[in-house]
Amino acid sequence: MRRTLLTILLVLLLGSVARAERLIVSVSNHRVTVTPNYSGEELVLFGSVEKDATTPADRAAYDLVVTVMGPRADMVTRRKERTFGIWINTDYRQFLQVPSYLALFANRPFEAITSPEIARRQQVGLNNVLLTQRVSGDFADVVPNDAFRSAFIRLRTQRGLYREDPGAVTFLTPTLFRTGIPLPAEVPIGTYEVEIKLFANGAFIGKTETAFEIVKVGFEQFVATTARQNGLIYGLVTAVMALMTGWMASIVFSKD
Amino acid sequence: MQLYLPIADLPVNVFLVLAMGAAVGFVSGMFGIGGGFLMTPLLIFIGITPAVAVASVASHIAASSFSGALAYWRRRAIDPALASVLLCGGVTGTALGVWTFTQLRALGQLDLMIALSYVVLLTTVGGLMFSEGLRALMRTRRGAVPPRRTHNWIHGLPLKMRFKRSKIYLSVIPVVVVGILIGFIGAIMGIGGGFILVPIMIYLLRVPTSTVIGTSMVLTLVTMLFATMLHAVTNHLVDAVLALILMVGGVTGAQFGARAGQKIRGEQLRLLLGLLILSVGVRFAIELVIQPSDLFTIRELGVSG
Chain A
1 MRRTLLTILL
11 VLLLGSVARA
21 ERLIVSVSNH
31 RVTVTPNYSG
41 EELVLFGSVE
51 KDATTPADRA
61 AYDLVVTVMG
71 PRADMVTRRK
81 ERTFGIWINT
91 DYRQFLQVPS
101 YLALFANRPF
111 EAITSPEIAR
121 RQQVGLNNVL
131 LTQRVSGDFA
141 DVVPNDAFRS
151 AFIRLRTQRG
161 LYREDPGAVT
171 FLTPTLFRTG
181 IPLPAEVPIG
191 TYEVEIKLFA
201 NGAFIGKTET
211 AFEIVKVGFE
221 QFVATTARQN
231 GLIYGLVTAV
241 MALMTGWMAS
251 IVFSKD
Chain B
1001 MQLYLPIADL
1011 PVNVFLVLAM
1021 GAAVGFVSGM
1031 FGIGGGFLMT
1041 PLLIFIGITP
1051 AVAVASVASH
1061 IAASSFSGAL
1071 AYWRRRAIDP
1081 ALASVLLCGG
1091 VTGTALGVWT
1101 FTQLRALGQL
1111 DLMIALSYVV
1121 LLTTVGGLMF
1131 SEGLRALMRT
1141 RRGAVPPRRT
1151 HNWIHGLPLK
1161 MRFKRSKIYL
1171 SVIPVVVVGI
1181 LIGFIGAIMG
1191 IGGGFILVPI
1201 MIYLLRVPTS
1211 TVIGTSMVLT
1221 LVTMLFATML
1231 HAVTNHLVDA
1241 VLALILMVGG
1251 VTGAQFGARA
1261 GQKIRGEQLR
1271 LLLGLLILSV
1281 GVRFAIELVI
1291 QPSDLFTIRE
1301 LGVSG
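Chains as they are written, first to last, in the working numbering: chain A, 1 to 256; chain B, 1001 to 1305.
Treat the hints with caution; some may be incorrect.
[As the list claims (entries may be wrong)] Simulated restraints, written as ranges between beta carbons of each label pair:
(1) B:Leu1137 <-> A:Gly85: 32 to 40 Å
(2) B:Leu1157 <-> A:Val135: 49 to 57 Å
(3) A:Thr208 <-> B:Leu1096: 54 to 62 Å
(4) A:Glu81 <-> B:Gln1262: 43 to 51 Å
[What the hints assert, rightly or not] Output of the computed footprint for chain A on chain B, the stretches with three or more beta carbons under 8 Å from beta carbons of chain A:
(5) 1231–1244
(6) 1248–1257
Hint data in this document are derived by calculation from the structure and do not stem from the laboratory.
Ideal placement from N, C-alpha and C gives every residue a C-beta, glycine not left out.
With these hints in hand, go ahead and build the complete structure from the sequences.
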């Protein structure tokens, strides 16, 4: 009885400590539009750590980990093997509802910020982010050095869709920070969640969330939705367009 | 100038794609073929997924074969009866091809199938054309008369029909089969199939050269229009913006290519075309045999939410 009471007290105390700092953040643009000449963009996330009366006095240096997650999707990673002298896809692994864009930023190396145990629990670093796979009917994440998992992260990183940068977050003053969020040209369309986690002396002390969305507008949006929802009309229009172009060409060039 | 492609979901340089369309159009005008077998690999090379490339090239070929077909129609170089029998097979073949395309995509073997069919078809057709061109070239050098055309087993088949404009009397069975075959491989590989159809019609069906190209263009036009429709309805992979840029470049390039083609002799033209087809086939073969730089590939199964 006494022990439980003590535990509750401790939890309450810790809880109040966790709320001792408040994170206030904002992104430079909550709605990124993909226009015909879109070729990548960089957003800026800025914010500050607000202390209040309950903040311990020794709390001087903070560490931040920013996680940006794009719309989730199912993906398949396939491995080629040499069969009968040619390279063909043989084995595959399905990744379920994984972020199509994933970026992790911090102000210093992830290992220096917190212990491996907390890093795993708070999904700090690409190696610790949960990527659920379907492994023979089961759903689980696997060890970070799994061949399919590391290949998946490597390929997404090559395309600029997954990234981690432990030097991207900069503190302008001890409490004021900013980080850039680079978006590649072939950015997935949808809602992006941003999670900002605050650490001090290796301990996780709180987090806050924000979001932004990437949308196609105007013509791009129109074409993409028409292709998806009205396939027949879209096909007809494309076919007519092909005939018109061919006909125009034969008129323009038949004179000479 | 960068332009964002709405279906391929990536930005491309408009002038690069226009130039590619024009270059392929030049080749297609020169040889009287659709040029899909060059266009699709080029699009894959600049980063467009094979599936989107195959689906979008279909409409591009439709445009260039329509302008070609119109020119041949004015010269009365199209056999309407032969074209409609070919089309019966072509439409069936295309439907089968698009269905197979969807199945293979689900299995994850589409890229392999596209590459394999390229290797087999292009090396065979290219090799045959090249050796035939060489022989023809040597014959003319020696001044020998080309061997007289003889009838083969195909002309013994039943269900014969008279094709007036081509002045041939032929069974409809081989014509429909050829149509199915061309429609099928066209839908899977993103090619019009003209470079296969023309030799088949000349050497197997004995269609006179006066009507062969025009008639094959009609088949290409209709199968490719049909393929565009089917790809748009089933797989939603046709990128109209990409297709339009390719068409504009393609039809323009084709006009200059046709003019250049008239300056080269027939045998040399066939030799060159054979060499071109063969080299594309060999390139695909090398890619299959050597170890890829990356053994892993990722495919997104569609974003939700």
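Okay, the hints, checked on the actual structure:
1. B:Leu1137 <-> A:Gly85: 32 to 40 Å: Holds: the Cβ-Cβ distance is about 34 Å, inside 32 to 40 Å.
2. B:Leu1157 <-> A:Val135: 49 to 57 Å: Since the Cβ atoms of Leu1157 of chain B and Val135 of chain A sit about 56 Å apart, the hinted range of 49 to 57 Å holds.
3. A:Thr208 <-> B:Leu1096: 54 to 62 Å: Given a distance of about 56 Å, which is inside 54 to 62 Å, the answer is holds.
4. A:Glu81 <-> B:Gln1262: 43 to 51 Å: 50 Å, holds
5. 1231–1244: With 10 residues closer than 8 Å to chain A, the region 1231–1244 of chain B meets the three-residue bar; holds.
6. 1248–1257: It holds: at least three residues are needed, and the region 1248–1257 of chain B offers 5 whose Cβ sits within less than 8 Å of chain A.
In this structure, none of the earlier numbered hints is contradicted; all agree with it.
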